[in-house]
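Trainee: Protein chains in written order, with the numbering used here: chain B, 1 to 308; chain Y, 1 to 215.
Quick caveat, the hints were computed from the structure, so don't treat them as lab data. Be aware that one or more of the hints could be misleading.
Stated by the list, open to error - Part of the chain B face toward chain Y, derived, beta carbon under 8 Å:
| hint | residue |
| --- | --- |
| 1 | P83 |
| 2 | S86 |
| 3 | G89 |
| 4 | V92 |
| 5 | D100 |
| 6 | K105 |
| 7 | F107 |
| 8 | L209 |
| 9 | A212 |
| 10 | V217 |
Note that CB positions come from ideal geometry on N, CA and C, so glycine has one too.
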Amino acid sequence: MSVADLTIAVSEALCAATLEVVVANFSFDVSGGGDFGGFFAAYDGRLILKGGTLQLRDDGTIRLRELDARWDKLDFTLGLRLPEMSLGGGVVDLPGVQVDLPGVKIFSGNPFVAVTVDLAPFVKHELSLVASPLIQYFEPGITPVGSLCQKLHTALGIDDSKQQWRVFCDPQTIDFDLFDFADTVGDLFEQAFTDAIDALIPHGPLHDLIVAAIGSVADLLRTLLDIPDDISEWLSDLFNVSLGVFNLILQFVAGFFGKCVSFFQLDDPYPMIPKTEDLAAVTIPIQHLTATVSDVELVVTADIGAAP
Amino acid sequence: MNEPRNDVVINRVLLTNPVLDSGAIAVRGTVFHVFRESGDHDVTILRGDRVATRFTVAVQPEGAPPQVNLDLAQLEAGGSGSYAVREGGVMSFAVGLGVGRYAVVIGHTGGGGSRTVLDSRGPLPAGDLFAVTLINPGTYRATNLASQARLPITVAMPRQDEPYSPARPTLVRASDDGFDPAAAHILAGQSVVLLAETPARFLVEPVASPHTPSL
Chain B
1 MSVADLTIAV
11 SEALCAATLE
21 VVVANFSFDV
31 SGGGDFGGFF
41 AAYDGRLILK
51 GGTLQLRDDG
61 TIRLRELDAR
71 WDKLDFTLGL
81 RLPEMSLGGG
91 VVDLPGVQVD
101 LPGVKIFSGN
111 PFVAVTVDLA
121 PFVKHELSLV
131 ASPLIQYFEP
141 GITPVGSLCQ
151 KLHTALGIDD
161 SKQQWRVFCD
171 PQTIDFDLFD
181 FADTVGDLFE
191 QAFTDAIDAL
201 IPHGPLHDLI
211 VAAIGSVADL
221 LRTLLDIPDD
231 ISEWLSDLFN
241 VSLGVFNLIL
251 QFVAGFFGKC
261 VSFFQLDDPY
271 PMIPKTEDLA
281 AVTIPIQHLT
291 ATVSDVELVV
301 TADIGAAP
Chain Y
1 MNEPRNDVVI
11 NRVLLTNPVL
21 DSGAIAVRGT
31 VFHVFRESGD
41 HDVTILRGDR
51 VATRFTVAVQ
61 PEGAPPQVNL
71 DLAQLEAGGS
81 GSYAVREGGV
91 MSFAVGLGVG
101 RYAVVIGHTG
111 GGGSRTVLDS
121 RGPLPAGDLF
131 AVTLINPGTY
141 RATNLASQAR
151 LPITVAMPRQ
161 DEPYSPARPT
171 LVRASDDGFD
181 PAAAHILAGQ
191 SVVLLAETPA
201 RFLVEPVASP
211 HTPSL
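Extracted from the complex, chain Y is given alone in its bound form:
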């Protein structure tokens, strides 16, 4: 008879409160790319300057799933492959575990050449999204480095007398005019989803309290 052992492991990165950057995809910061053109795409996953893995995505007018979720840490460990997604569909690039920071470069390979449609190290193209999950209560600031617009985000602990669900994301649109809405308020453990209505590079960082020296 096999007795259970307490070998469950907590995702320790969740105990830290790092800066989240759409240009350096890490645990809690997910980039979503919308494939607007049908055809084959080459995808390169970078960890730092090193190529972690490569794969292809076939974007089809129909007959393919509308969304594919990828865990870049698992992909790095497990190899490549090929995927199919519906035209207008979404591929998410997340990191489940570990301290790795990744970037995604996608090239459309139609017509004999390759045209870059996403390089997450730079601005995300219009229509793409960056979702951040914030755990520690306090004040954060999201910055669109393309426009220098700023979005204050307040994160509060859920009240004990209210039902709590972390799966309640808050959508914020980012354009050249700034963020809409101009501020976001979420409960700890929930996500803010930043939609690039114009090319945008997002950075989300905790704002040090005047009474709390930053480390």
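Bound-form chain B, shown alone:
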């Protein structure tokens, strides 16, 4: 029989303080890549958060705003499969016979040239989200907890050894800008490939001939990558869509707030009277937890006692 209602109000200030700890411990290590036929792309980065504000709203949602998403590092590797290049060659027509000149190959070996550019200084985002309170029941040893979540729980004082009701901010909408690399990023890659080709082919007539044959390193990049104009725009699209980094981040953020870090937790059974020297602790089971948000506080209610 339910004997009493439990009502706990968590202030916006307390939620904001929790957000500060959460943000300070947020880091997303992400890496991947793909072979796209004519070229290869790979990335290795760590996304971190800074700042941000929390606002409880009277429509029952929690808004996290102006979280500054930055990259601690973002190494982006682009590898090009060089086309077969030859000097000489061509056809000579003679009476009764046509002679094909085989040409002289300029390169041998694995025809890949790869460069890595640290894009971290050139990418900055703002992250905002609107969340609803989500109640989950935590059972030690049964409810899965990832290593990052364990680290965060330690930082936040969340005890993973107890059965608990936990209240998460489950993102309903996440507002995160698509990656939009500045033109300077395209210039950086062009320069990196120019340096790589300069290192491969010493300056001299052969170097000049190869550049004459391909037009320029920028032209070569556009030809091999099949991009019509702006390499920065192409890189942004590659990062966002083809490599799927944008979606990975959204999924991580959703899981981070919706499944990993709870803003409020309540032990079950709840310790009504602590243990003393003479008496054992008095604990009461918690049931039917609800969480509602107003513009000033997060209110958690529960039934205390055994089920009717």
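We have chain B already, so just place chain Y on it with the hints.
Mentor: Chain Y alone, transformed into the frame defined by chain B:
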């Protein structure tokens, strides 16, 4: 996931500017032999005085390719075999990589004996060709050692405002009367093809500028 490595290698011989000799086939100097008679041929590839490899060529009136391209450095590394080429067809002897210099000896084996139809260490027979690809801009001289005729060749860098293709060979005929045309002008990276209208041995060498001491 395999990340690419920068292990592409430049053909370093292209950074040098050696003398090119139809009697010592090397990178950038290719001999083309025209098989005029059908029948079996024995081919011996020499590197210096050493036999690098041997193979046979079946020259057929029809049903065989009109041209076969061989890389002598690859053949030396990879063994022998047999080839077929159409009567009147062409076999090219080139060197793709390395500093090796090779010679080709071809014998026609019909009628129970063997008759040499090509020994590239000597004059190329009429109808055969020697193609050279020149990279460094400047002046070169082609000499037909059989007639002592000389051909000046000028090599210019392509202009930036013009489309450039290295696959534009220039044909020059070599006879007892000399070269025709009497001079050749090409862009760097293109080829001059010397056609022996009479037996000829070709040597193509850079001409030292009066202001540039030769090394």
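Trainee: Does each hint hold? Answer for all of them.
Mentor: These are the hints, each one checked on the structure:
| no. | hint | verdict |
| --- | --- | --- |
| 1 | P83 | violated, 12 Å |
| 2 | S86 | holds, 7 Å |
| 3 | G89 | holds, 4 Å |
| 4 | V92 | holds, 5 Å |
| 5 | D100 | holds, 6 Å |
| 6 | K105 | holds, 6 Å |
| 7 | F107 | holds, 5 Å |
| 8 | L209 | holds, 5 Å |
| 9 | A212 | holds, 5 Å |
| 10 | V217 | violated, 14 Å |
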